[in-house]
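Protein chains in written order, with the UniProt record's numbering: chain L, 1 to 331; chain C, 1 to 331.
Check each hint, because a few of them may be wrong.
Because identical chains cannot be distinguished in the list, a pair is counted as satisfied if it fits within a single copy or across any two copies.
[Claimed, not checked] As a list, the in silico DMTMM-like pairs of lysine to aspartate or glutamate whose alpha-carbon atoms are at most 20 Å apart:
#1 K89 x D72
#2 K19 x D104
#3 K216 x D275
#4 K132 x E107
#5 K132 x D102
#6 K219 x E208
#7 K259 x E47
#8 K262 x D43
No wet-lab data here; the hints were simulated from the structure.
Number of protein chains: 2
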Amino acid sequence: MSSSEPFDFRIEYIIDTIKDAQPSVVGLQFPEGFKRRGTAIADRISEATGVEILISANPCYGACDLDVAILDNVDILFHFGHAQLDDNKYSEKVIFIETRSDTDVTEVVRKAIPEITGKRIGVMTTVQHIGKLPDACEILEAEGKECLIGRGDSKIAYPGQVLGCNFSVADGLDCDEYLYIGSGQFHPLGVSLATGKRVLIADPFSNEVREVDPRKIMKQRSAVIANSLDAETFGILVSTKPGQYRMELARQLKELAEKHGKTAYILTMDLITPDQMLQFRVDAFVSTACPRLAIDEVGRFSAPMLTPPEFEIVIGEREWEELTFDEIRGE
Amino acid sequence: MSSSEPFDFRIEYIIDTIKDAQPSVVGLQFPEGFKRRGTAIADRISEATGVEILISANPCYGACDLDVAILDNVDILFHFGHAQLDDNKYSEKVIFIETRSDTDVTEVVRKAIPEITGKRIGVMTTVQHIGKLPDACEILEAEGKECLIGRGDSKIAYPGQVLGCNFSVADGLDCDEYLYIGSGQFHPLGVSLATGKRVLIADPFSNEVREVDPRKIMKQRSAVIANSLDAETFGILVSTKPGQYRMELARQLKELAEKHGKTAYILTMDLITPDQMLQFRVDAFVSTACPRLAIDEVGRFSAPMLTPPEFEIVIGEREWEELTFDEIRGE
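Excised from the complex, chain L in its bound form (with noise of 0.2 Å):
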């Protein structure tokens, strides 16, 4: 790894393993923020080991995005950025390659102990960075706090690993405040409104420390809420993609749309795109898909885009209090 790039492609790994096992053909599969140094790293393992390879040209945003096609024409397929969501029938073929961060965390972990007010700290992270999080602890230890780590449930790859449908991490611990080593302001604010408790970001790239402020994303939820009261006619979308399908869960929400007196439809894709729902004509959505969807993309859908508790809050079976986040939880 070069001191300027700051992920860690592990290209060595791959040509060695690929020596190794000797695979025909292989796939590349990048998540969006990658996908441009896709080509360069298919020379570099081309190159090297001269094995065919096809690259993944899907939309890809999480583990659970994992490209099912591609692998009937491949016999090992690296999936960059992401760690393994959880065991399933299509491991066995894919290599999660993490592309862990070398950027320090400890200097934006030490410009945060002054904005930490409590002694018992839940500290978490993402999969780039899940490798400093012993750097910093031991900062928080110095400094006097406890550095609390959650296991997370089965979907979780590493102790303190959070992921945008999954804040199991925080489930429990016995903590008064958390800290958020990484960028982005889902992962955090998702804990927030799952714990109720005070949620700090360091930030190691931006070097920023700043605070969790959760009224924003929640007069915004609230808004969708609203609209969707007198709707008579929901689309509930199910997405095919591995780590997202959900059929159970719309099946429950269609009943219970139905038990109301409403009108529901399964809808069943694999990308969901604000263009490919205008076909249809419904009074509100309901996304069983990726929990990310509903708020990244709010206002961009021709109807309001509710996420599963939204609807129950919508449909008079939950308190508006009890508005959360959607999570993807595992065992």
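Using the hints provided, position chain C relative to the given structure of chain L.
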């Protein structure tokens, strides 16, 4: 079929089939033009049978675009708007509802008569009007013309049926010119380029007759080819849709590129969109997927998008004079 509904969705047949076969779950898949009717059609089927229904919300542009993922969840899939493409491993569970049109074609064929200069006329149409070919031939024959209808290859369900990616019904027809009955430009343009013969369009919806003029599209394609002549790197696109999958062709094109000292990457995906291809930095793309993609979306990609025959021209393995539309042929 009511007089206000020009297409036959065969709802009674579908209901009878469900009552006979007693499936637990059925799927409905519609092409883009019919998707808006999906929920109303689901309502009618549901009211009559009580069967559980899943509606595919994936984009659908042909019988090639069978929703394979939904098949895991349904006992029968009703696929609307297209004729069966050819037998494949998915066919067993799929019933193709061709949505034949009841629209009269005789008026526009009569209108075409003065424009027809030859004696032997090759007649063709899409599956929607396929039942009206005898009416068309009767009129032509009453005017002293010969009506020639090609059988087509294994992808073609009915004599005289033309697809946007298969003009095999025009093959070897000993005719003076062609008459295409239908709306749209793409199919008759393809026949014009494939055969070099005159093609008349008789549009039964607009009641207009016009002659195909391939000059504009040829200029456009020539510009795309010209813009690719300096390309050193190519992204060769393979769709994993069952009816669009041409991996062997992609491998041949990659070899051809390498033979000429160029670099080529094989990129696999389900749906191809201009946004998605932005991430790949190559000098030109070659689509082995739906042959319409490069034509219909011209100028919308970040690099020139070539068809396979156009790529052969770029690489120097085909003459400019041999430029035709790409086809996906059967046996």
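Verification of the supplied hints:
Proximity of K89 to D72 under the C-alpha cut-off of 20 Å is found in both arrangements, the shortest distances being 13 Å within a copy and 15 Å between copies. Proximity of K19 to D104 under the C-alpha cut-off of 20 Å is found in neither arrangement, the shortest distances being 33 Å within a copy and 65 Å between copies. Taking the shortest Cα distances, K216 and D275 never come within 20 Å of each other, neither inside one copy (26 Å) nor across copies (29 Å). Within a single copy, K132 and E107 get their C-alpha atoms as close as 12 Å, which meets the 20 Å cut-off; across copies the closest is 76 Å, which misses it.
Taking identical chains as interchangeable, the C-alpha atoms of K132 and D102 lie at most 20 Å apart only when both belong to the same chain, with a minimum of 9 Å there against 68 Å between chains. Proximity of K219 and E208 under a CA criterion of 20 Å is satisfied in neither setting, with 25 Å inside one chain copy and 54 Å between copies. Taking the shortest alpha-carbon separations for K259 and E47, only the inter-copy value of 17 Å comes in at or below 20 Å, while the best intra-copy value is 61 Å. With identical chains, the CA atoms of K262 and D43 are at most 20 Å apart between copies only, with a shortest distance of 13 Å across copies and 55 Å within one.
Of the numbered hints given earlier, the model fails hints 2, 3, 6; all others are met.
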